[in-house]
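One-letter residues, chain by chain:
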Amino acid sequence: MSAITNTSDHGHDSALHHQFEDIGQQNDSYIVGMWVFLSTEVMFFGALFFIYTLYRWNYQLDFYIAHEHLDVKLGAINTSVLLFSSFTMVMAVQSAQLKRRLHVIGYLLTTIVCACTFLVIKYFEYSSKIADHLYPGAGFATDAHAAFGAHAFEAGKLAVNMNHAQLFYALYFGMTGLHAVHIIAGILVILALIRLWVIRAKSVTLDYIPTEMVGLYWHFVDLVWIFLFPLFYLMPKPH
Amino acid sequence: MASQTSHSHEHHIVPTSTYLLTLILLVLLMLATVWAASFNLPAIGPFSGTVVNQMVALIIATAKALLVIMVFMGVRWSSTLAKLWVASGFVTLILLFGILGDYTTRHYEHQHGWEARPDGSLPRSTPDEEVVPPINANDLNVKIRQ
Amino acid sequence: MSSTVIPSGELGQQAEESNYLNVKHTIASWLLTGDHKRIALLYLVSTSFFFFLGSIAAGLIRYELTSPAGVVLESETYNKVFSSHGILMVFTFLVVAIPAIFGNFLVPLMIGARDLAFPRLNLASWYMYMTGGTLILAGMIFGGVDTGWTFYTPYSSMYSNGQVTMVIIGIFIAGFSTITTGINFVVTIHKMRAPGMTWFRLPLFIWAMYATSLMMILATPVVAITLLLVVYERTFKLPVFSPELGGDPVLFQHLFWFYSHPAVYIMILPAFAIVSELIANFSRKRIFGYHFVAFSSLAIAGLGFLVWGHHMFVSSQSMYESIVFSLISYLVAVPSAIKIFNWMATMYKGNIRLQSPMIYAIAFLMIFTVGGLTGLFLGAAGTDIHLTATYFVVAHFHYVMVGGTMLAFLGGLHYWWPKITGRMFSDGIAKVNAVIVFVGFNLTFFPQFIVGWLGMPRRYHYYYFAPEFQAYHIMSTLGATVLGLGFILPAFYLTMSLFTGPKAGPNPWGAHGLEWETSSPPPTSNFTETPIVMDEVYDFDPVSDHAKDLKDIEERNRRRSEEGYCGSEDDN
Ligand SMILES: [Cu+2]
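Protein chains in written order, with the numbering used here: chain U, 1 to 239; chain R, 1001 to 1146; chain S, 2001 to 2572.
Source of the hints: derived by calculation from the structure; they are not laboratory data.
Each hint should be verified, as a subset may be incorrect.
Stated by the list, open to error - Below, a list of computed lysine-lysine pairs in the BS3-like style, where the Cα atoms sit at most 27 Å apart: (1) Lys2024/S <-> Lys122/U; (2) Lys202/U <-> Lys122/U; (3) Lys2503/S <-> Lys2024/S; (4) Lys202/U <-> Lys129/U; (5) Lys237/U <-> Lys73/U; (6) Lys129/U <-> Lys2024/S.
Please read these numbers as outputs of a predicted model, since none were measured by experiment.
Based on the sequences and whatever the hints tell you, model everything.
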């Protein structure tokens, strides 16, 4: 029995690791393991969604007024971009199942292009918020007034509680920021995967599971955005 | 070590048309949610219009999420074990939302009912007790960090 | 009791040739290993190091408290010392130790696998742990934290001046190491069991590890994100938890305890795991009510997610929620009691062998029962208002964490030491040490129940308002000294055994289980061929076993006295 060094054990013909009996067991393990990891991620983002729920429910009007500065059009475009990237990702997995190497690489590259588009749009969104002093921090209460403009005033009095508006932006930057970090991590992982496909590494070409795992992660990132979009961009007016 | 094997590996290859259809549905749902948000929906029963609006948005989001999970992530075709773990995160998340139980019941706690009653066994304060002045933050030896 | 197809004699010979310890000797072969057994040893060394540092902090605290006006420490230093003690002990020792050391070592062995499902992830988790631990230590060296291990806001986010950010990031990274360990265990237990190893043939150790992993995976991310938000708030002066900006500090407590109550079970369930093995194997009986004990682990994991509010009875939480949490907290006592009673029933009329691991297990039973019952005092919303933040709480959780987890840890260390190192230690000294730990422990923490009940607040280092507490504190400090001795001694005699101890055979305790079917120390691939499990778990035959045992023991005594083995075996 060869020593368990597992640094480069898959030199031979199969992508099977030494600790598994057969490829079926290994594939099942990887898929279950990925889902266990994603359940961790669900709780990770879930706690943030809970915090959002609590404050949103307590400060409805302030959150509504603060949210008006988000651009629904850009949000919707970004949603479509991510949905489309999920589609290209799933097509990459399907191509991996069919062992069409160039298709896989093509679809993965498209996915990365989508991810970068998403980030670029996000960058423009962030910078317009920052230009309007809508970033939370010590100066928010004084600097962000102008951005709220006339309709934030009722009978000459500021109708929005600046602290609560700041809370909204703290959550907005926190949650979309963490999501963006996941997108960046996803881009890096997909790049690594593309490299493996390009050099025809047996660990990915013999079996579609590594591609599938990256896919699961990518769909999860999409999943988070599916909830972030209506919660931040499509707030109903309290009526 | 493979007693519990493994639904072998005749993996299910889903036709492109299914994926395309899913994508189209997802984009349509996205458009639907933007469109629905442009109305002030009427109140239904005990729910105010705001809540109805929000519920519509969340139901659509959940539908989208289910499509992604079931089709794109392939949970429809995966093992029971994987399905259980898909559910576990979301179930625990529901437990986390149990924290709301605190905030939703606080206002039922009528402090005034806790005032001293002549016949009460556990009053929160006694009538002859002095009024304690509120704590002044400046008296405490703490400063906001610079 | 051979449950595998491998004749053990064959294995004994093979062990002479190659095992996981002597297969390679370079430092790189340790630092880059994928072998779960080597990673377990890496964890053993590193967690012991952090435990040692945490103990020094504990010693400082106990020394400071010997006088009502304090002895050596400034108030702020004292705050930093008790925070360091809590953070090091909880995040770098208790949560990690048993799963990462014994779980890592034993899960594959017990289920008959060659390794965990993801060896590289396993190694990565050790590096994450070390990175986290290093950051925590660095934070403590460059300024320290004075928030306590709970990091309550807004103190931690708006006021505290220490290295809160660095320590929190350390905890965040160390937290991900426990998550990855949990993922590894879950997948391994589901997917890597040997043929014939059905769920109800799994040792109870595995069931408890599975329950622990569940909580690691599902609870840790919540505290990770919560602490990350504290850093976010500190760095950018944001309002998430700070009341002056519309945030809610109680929300922090909710989220923190949503993790930290399950974390208590992350610390104690592995102890249950070990104790189940010890009691069954040293009573030479199948665990009474195996299914109940197995499912009580899962019940604890499930209920553990529903009781976090019992830490918040005085935090302005709604009293209705307090009532619910109080009731559910009482419910958690049920599965814990099921375990205790089933262990007792296992010992009843068992063929008990009072060897050192069993003494630790019995000490665990006694101490954990006290710890668990005093937990009910605290779980009752009414009495808790009197007891909150007193030494009663401190004594309670040390009865559970030190008396429970630490004793089980020591018991497990002695029990599996021959398997891990291939050497037998002196059972006589180990027994004496078990008694020292038991006495020292009770002397340390029992007075704290009394002094806490009388009103001594925790985290205070002056008690000139009640100088009569000094006697209790001095008693406690004396006990801590004895306890410290009890922790240092094993380090010596176990290390000694590596050089002078007699070779342990594959199964020095006559125990039952797959890990005892392979040689000690096991070969790198654990088993020469995949074992096939054909008999039930804890399949001791009490009647013939007893008769055979008496003969076996006599013979073993004779053989060992010839070899110069100094332990006594006359315990039947
Ligand atoms: Cu608790």
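Open item on the list: Hint by hint, where does the structure go against what was stated? Just the numbers, ascending.
Closed with: Checked against the structure, the hints that fail are numbers 1, 2, 4 and 6, while the rest are satisfied.
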